[in-house]
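Enquirer: From first to last, the protein sequence lines stand for chains V and G. So in our numbering, spot 47 of the first sequence is number 145, and the numbers just go up one at a time. So in our numbering, spot 46 of the second sequence is number 52, and the numbers just go up one at a time.
Hints in this document: simulated from the structure, not taken from any laboratory. Owing to the predicted nature of the structure, the values given are computational and were not obtained by experimental measurement. Beta carbons: idealized from backbone N, C-alpha and C, even for Gly.
Restraint ranges, calculated between C-beta atoms of paired labels, are given here:
id : chain 1 : residue 1 : chain 2 : residue 2 : range
1  : G       : Gln23     : V       : Glu162    : 42 to 48 Å
2  : V       : Asp107    : G       : Gly59     : 37 to 43 Å
3  : G       : Asn58     : V       : Pro116    : 45 to 51 Å
Using 20 Å as the maximum straight-line C-alpha spacing, the simulated EDC-like pairs for lysine to aspartate or glutamate come out as follows:
id : chain 1 : residue 1 : chain 2 : residue 2
4  : V       : Lys147    : G       : Asp103
5  : G       : Lys68     : G       : Glu91
6  : V       : Lys120    : V       : Asp183
7  : V       : Lys156    : G       : Glu109
8  : G       : Lys50     : G       : Asp92
9  : G       : Lys50     : G       : Glu91
10 : G       : Lys50     : V       : Asp193
11 : G       : Lys77     : G       : Asp103
12 : V       : Lys120    : V       : Glu164
13 : G       : Lys84     : G       : Asp62
14 : V       : Lys120    : V       : Glu106
15 : V       : Lys147    : V       : Asp193
16 : G       : Lys50     : V       : Asp107
17 : V       : Lys147    : G       : Glu109
18 : V       : Lys175    : V       : Asp107
In silico negatives: residues of chain G with every beta carbon more than 10 Å from chain V:
id : residue
19 : Ala8
20 : Ile19
21 : Ala94
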Amino acid sequence: AQSVAQPEDQVNVAEGNPLTVKCTYSVSGNPYLFWYVQYPNRGLQFLLKYITGDNLVKGSYGFEAEFNKSQTSFHLKKPSALVSDSALYFCAVRDRGSTLGRLYFGRGTQLTVWP
Amino acid sequence: EAGVAQSPRYKIIEKRQSVAFWCNPISGHATLYWYQQILGQGPKLLIQFQNNGVVDDSQLPKDRFSAERLKGVDSTLKIQPAKLEDSAVYLCASSLDQLDTYEQYFGPGTRLTVT
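Between the sequences and the hints, there should be enough to build the whole structure, so can you do that?
Expert: Structural data, given as structure tokens:
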């Protein structure tokens, strides 16, 4: 069965500091991995995805994520946080071997960046 | 390009009443998804359409939920009768195709409160 764990409900970081939002996954086959961000009263917005190739993936707004197969992790990172990055972040996984489009989401991590 | 449109944005009903949500996907997107997001959890797939056919409704409570996609474009999700536990945000998403590599684009959601 596919599942995603985001071990931290909340991450707090000062503006200008690096941030990391953690994600680990479990799939029966090889994964496709995604990060989405959700601002209040808005839908999920795509940030980045890992499909194949380089384990370090760069996405929107300066975010990047590193795929680590041995640790089954896909942590989201940003070198220098902005107050405007404050939002709810979701990690999601798809089974590469499945013909269906189902995404399995984690519970989400609330990121707060203070000035 | 225009994003995924959903209406209404908010709905309050009493238990045992019926309710319907509408979604208009991004033009040209063949795949449409309905997700349920309960407060404090990640979105969970209810149903997936490929054009106007259902490809995955394994998580849809079919005794009370129904969905259709008219002419492979707009979609309607209905709940009849509603229960208290149906209180959630209902998200519609679309993608170019159901292939693994395509990210899903989400609408703003409909927040349903059942009293």
